[in-house]
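Engineer: Below, each chain spelled out in residue letters.
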Amino acid sequence: MAESTVQTVQEKEPLFGKKERKLITDPLNDNNPITVQVLGICSALAVTTLVAKALVMSIAVVFVCGFASLFTSLLRNSIPKQVRMIVQLVIIATLVTIVELTLKAVNYPIYKELSVFIGLIITNCIVMGRLEAFSMANKPWRSFLDGLGNGLGYGAILIIVAVIREIFGKGSLMGIGLIGAGDNYFINTLAEGSWFAWYMPNNLMVLPASALFVIGVLIWIQRSWNTKLVDIS
Amino acid sequence: MELFNIFLKAAFVENLVLAYFLGMCSFLAVSKTVKTAFGLGLAVIFVLGITMPINWLITEYLLSETGIFGMDLTFLRLILFIAVIASMVQLVEMIIEKVSPALYTSLGIFLPLITVNCAILGGSLFMVSREYSFGESVAFGLGGGFGWFLAIIAIAAIREKIRYSAVPPGLRGLGMAFILTGLMGLAFMSLMGIDPAALMGTK
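From first to last, the protein sequence lines stand for chains A and B. Position 83 of the first sequence, counted from 1, bears residue number 83 in this note's numbering, the numbering being contiguous throughout. Position 166 of the second sequence, counted from 1, bears residue number 1166 in this note's numbering, the numbering being contiguous throughout.
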């Protein structure tokens, strides 16, 4: 009798209380997957040359991360420890295939441009990292929120880096030309008497190494303002 | 000699981390001290060296049209590769847990995350696209793993030294690691396109 009352009390946890809100907001700053947990760097280097690519990639990762966490958490008590990685990867691979086919049907040009990297969400460590660290030990609803939050935190960094790299590397934003050589740019550096004739796009920003510099500086900014993250060791 | 060239090329010229930027996450996260970096580096050499020949056998005898099933099954490639890698990493995890519990706890979540280390899946996909033979795939796997091992040792050593420098507080640790990796990557760009065989005059 006593046991059943305890259970009903536990089930009455608020659906979206303080703890749940923390699961979503924490990964945006204090526990950001890229700048604090160091997960998912490879794809952040590869897809951040254009903002449009980064946007599609973030949406895909939010979806995969949220639902993979949900399903793993539902199955967590029936997965033997010895084969857990394979089970997790099968769940992730299924979700990634869904995303891939949906994107192919909805927006083919973006699919063509991203195809390899959508497949590589399978090996995006954020998804599996959260499965290992959180969903294997927590209830489904919380795991789902944790997955969504981490996907959003990843997306936020991805988009900031992509904006910087696209503006300085290609002189455009979301494919709209801002500054560069040609009529299709807002400021045409080739125009007669242009004040910006000295301008050259920075080719370093197109290389993957530049993403490392940009993320490094972002970490610097974040930690100067959020001083509890500073590495004291 | 041919195999040795492939080994050298995979380890230095086409270094998986510094030239292709694969396997970044564990590279940046586990490179705090040389000791843990050494352990993870050995695990990666082992996993790459073993999965590469197994995946070669799979593509050659299971997935190709001349294989056992007699049809083109390449659409199963990703899933099968991942399954092989996951089971190998699971094996490594069990071994390390038994042999060195200290290393096991210090690697933490990054040990199971070798599974999703893009350097390993990327290596297998490179092997397929470059049409290596069995021996060459072994050499490529070991070479790639050795290159990854050297790179993580190098950055861990630099990070151990840089701890004593006056780095701005916000940049200390992880921020500096990102910038250092970027610089090492730029340096490695100058090695792109060098052919060890031509250097040694065997070609």
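No wet-lab data here; the hints were simulated from the structure. Note that the Cβ used here is the ideal one computed from N, Cα and C, for glycine as well. Incorrect hints may have been included.
[Stated by the list, open to error] Every beta carbon over 12 Å from chain A, so not counted as near; a handful from chain B, in silico: (1) GLU1002; (2) VAL1099; (3) GLY1193.
[To be verified] One-sided excerpt, in silico: chain A residues whose CB lies under 7 Å from chain B: (4) VAL38; (5) CYS42; (6) LEU89; (7) THR123; (8) MET174; (9) GLY177; (10) ILE215.
Engineer: Hint compliance check: list the failing hint numbers for this structure, sorted ascending.
Structural biologist: Numbers 8 and 9, in rising order.
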